[in-house]
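J.: Sequence:
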Amino acid sequence: MTINTPSPVAPVVTRFAPSPTGFLHIGGARTALFNYLFAKHHGGTLHLRIEDTDRSRSTPEAIAAIIEGLAWLGLDHDGEVVYQFARAARHAEVAHALVASGHAYRCYASIEELDAMRAAQKAAHAPQRYDGRWRDRDPAEAPSSVKPVIRLKAPQTGATTIHDLVQGAVTVENAVLDDMVLLRSDGTPTYMLSVVVDDHDMGVTHIIRGDDHLNNAFRQLQLIRAMGWPEPAYAHIPLIHGADGAKLSKRHGALAVGEYAKMGYLPEAMENALLRLGWGHGDDEMITRNQAIAWFDTGHIGRAASRFDIKKLDNLNGHYIRSADDARLTALVLPFVEAKIGSPVSLSQHSLITKAMPELKSRAKTLLDLADGCLFLVRQRPLPIDASAEKLLDAAGLALLGDVAQTLSTEAVWDNPNLEASLKSMAERLGLGLGKIAQPLRAALTGTTTSPGIFDVLTLLGRDESLARISDTHKHTKLQ
RNA sequence: GGCCCCUUCGUCUAGCGGUUAGGACACCACCCUUUCACGGUGGAUACACGGAUUCGAAUUCCGUAGGGGUCACCA
Numbered sequence: 000m001t002i003n004t005p006s007p008v009a010p011v012v013t014r015f016a017p018s019p020t021g022f023l024h025i026g027g028a029r030t031a032l033f034n035y036l037f038a039k040h041h042g043g044t045l046h047l048r049i050e051d052t053d054r055s056r057s058t059p060e061a062i063a064a065i066i067e068g069l070a071w072l073g074l075d076h077d078g079e080v081v082y083q084f085a086r087a088a089r090h091a092e093v094a095h096a097l098v099a100s101g102h103a104y105r106c107y108a109s110i111e112e113l114d115a116m117r118a119a120q121k122a123a124h125a126p127q128r129y130d131g132r133w134r135d136r137d138p139a140e141a142p143s144s145v146k147p148v149i150r151l152k153a154p155q156t157g158a159t160t161i162h163d164l165v166q167g168a169v170t171v172e173n174a175v176l177d178d179m180v181l182l183r184s185d186g187t188p189t190y191m192l193s194v195v196v197d198d199h200d201m202g203v204t205h206i207i208r209g210d211d212h213l214n215n216a217f218r219q220l221q222l223i224r225a226m227g228w229p230e231p232a233y234a235h236i237p238l239i240h241g242a243d244g245a246k247l248s249k250r251h252g253a254l255a256v257g258e259y260a261k262m263g264y265l266p267e268a269m270e271n272a273l274l275r276l277g278w279g280h281g282d283d284e285m286i287t288r289n290q291a292i293a294w295f296d297t298g299h300i301g302r303a304a305s306r307f308d309i310k311k312l313d314n315l316n317g318h319y320i321r322s323a324d325d326a327r328l329t330a331l332v333l334p335f336v337e338a339k340i341g342s343p344v345s346l347s348q349h350s351l352i353t354k355a356m357p358e359l360k361s362r363a364k365t366l367l368d369l370a371d372g373c374l375f376l377v378r379q380r381p382l383p384i385d386a387s388a389e390k391l392l393d394a395a396g397l398a399l400l401g402d403v404a405q406t407l408s409t410e411a412v413w414d415n416p417n418l419e420a421s422l423k424s425m426a427e428r429l430g431l432g433l434g435k436i437a438q439p440l441r442a443a444l445t446g447t448t449t450s451p452g453i454f455d456v457l458t459l460l461g462r463d464e465s466l467a468r469i470s471d472t473h474k475h476t477k478l479q
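Going by numbering that gives the first Met the number 0, the first sequence wraps up at 479, each residue one higher than the last.
Be careful, since some hints might not be right.
Cut-off 25 Å, straight-line C-alpha distance, at most; resulting in silico cross-link-like pairs (SDA-like, lysine to any residue) [unchecked claim]: (1) K339 x D135; (2) K310 x L346; (3) K364 x I384; (4) K311 x E267.
Think of the hints as simulated: they come from the structure by calculation, not from any bench.
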């Protein structure tokens, strides 16, 4: 019996092989990530192959979305993208070689005939599989009206075992595997043929893919053996389930990775979240790309399906936002800010946001939150005042603000320590806590009840803007 | 239904025969505090069930239950 483990000295070659029939969702992204990390960990290469042999369902938009999604995550592949459809002639060639060597045969059963066969099997509560009716039949008996398919002449006795890097040894009786179609009657290759040929021709040593392919692997292995090709190592990773506990799909509300970008998530946060889905390294939670490359192994991939938790992504994203560079964050948040205010951000506002970033970023879980936090800096006077801020601007609040304006207007040095000293002494004089003064002031300056520290807000806005916003509030409220 | 796989706090996981079953998110309380965050401290919550092996089992084996995957001339 053959063990399908490649020689340890061979350089590692992995591949990510999505079919472009839809967007790249987190399941696919995580498969790509694992392939990437495994390859990098071993100093190997990762190839991208687009499995576009289903011409009616493959779209250029999907191809673009997959490539963009991978680029956003920074999962670079080596070499050119391989398009599977372009290799159909080579796949057919292999099928014919298999017929010539006696490992495959032509089957003249019509679609209708096969449907009838399955219906009968179903009625008899028997397993539904091709019964091998043309396996040993003389081709001379072939009906001229039917164009044949080519089927693999698979072993009918014994068992096939896969030594999966994640699932362990998995064995299936050959008797339950039927003779799969390699080449359709129109001469085009099936997926089963194409993957095997492409993986071989691309020199793939490790096939890391979703668990939903585990059953396919047995037939693929039989095909590999029929060709006498080296056997790759397999790692079938558990699927990511949707909230309903079933395989992730559009139907379950799976989102394209691009959607997460639009919701204000950072790619490194997404990567970290994906990495921790099904893989762990002790108690480590925040894992950088380099650490992931150094630590990644198939031995610690779990065997059970997992669910994606957006709350955890939020938390991770908050961490990464806090540790991100201010200039980068500003550049990232700008489009979100502009979308919210409906106009472009000026150069001076841009630098104001950068300046405020250290204070803003600790308050955001997403770039969308961050953009909300920026709003008070870029809004034009008079500021819109939200409902909870409005409540602080009652008669008492406004009276207080009059005093505050008085105090602030005499302030010679407009900086954090001076403003703090001045407002604190004012509070003391009035026998109030600082909060009593700070809250109405915050409402006046930002139109909201949450913001960075009040002295930061004052210095960020500057003396003129701050005083103007305070007096705006008086007018605004009197108008009511 | 056949075949295959899975099962540790609500969620993601650590654990590889001897642990008070650890961490993270979320949740609750408290602290910090001018708001909101951040940060800190503490708390509640898990080995699906039943057998077997063993001095000893979350870890091994066998069942049961539940969940998932897959059964095309789709990929």
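J.: None of the hints should be skipped; say for each whether it holds.
T.: For each hint, the structure was consulted:
1. A threshold of 25 Å between alpha carbons decides the hint, and for K339 with D135 the separation of about 70 Å lies outside it, so the pair is violated.
2. Restraint check: the Cα-Cα separation between K310 and L346 comes to about 35 Å, which exceeds 25 Å; the hinted pair is violated.
3. Only pairs whose Cα atoms come within 25 Å are accepted, and K364 paired with I384 is accepted, the gap being roughly 24 Å.
4. With a C-alpha separation of about 13 Å, the suggested pairing of K311 with E267 holds against the 25 Å cut-off.
In summary, the structure is inconsistent with hints 1, 2 from the numbered list given earlier, while agreeing with the others.
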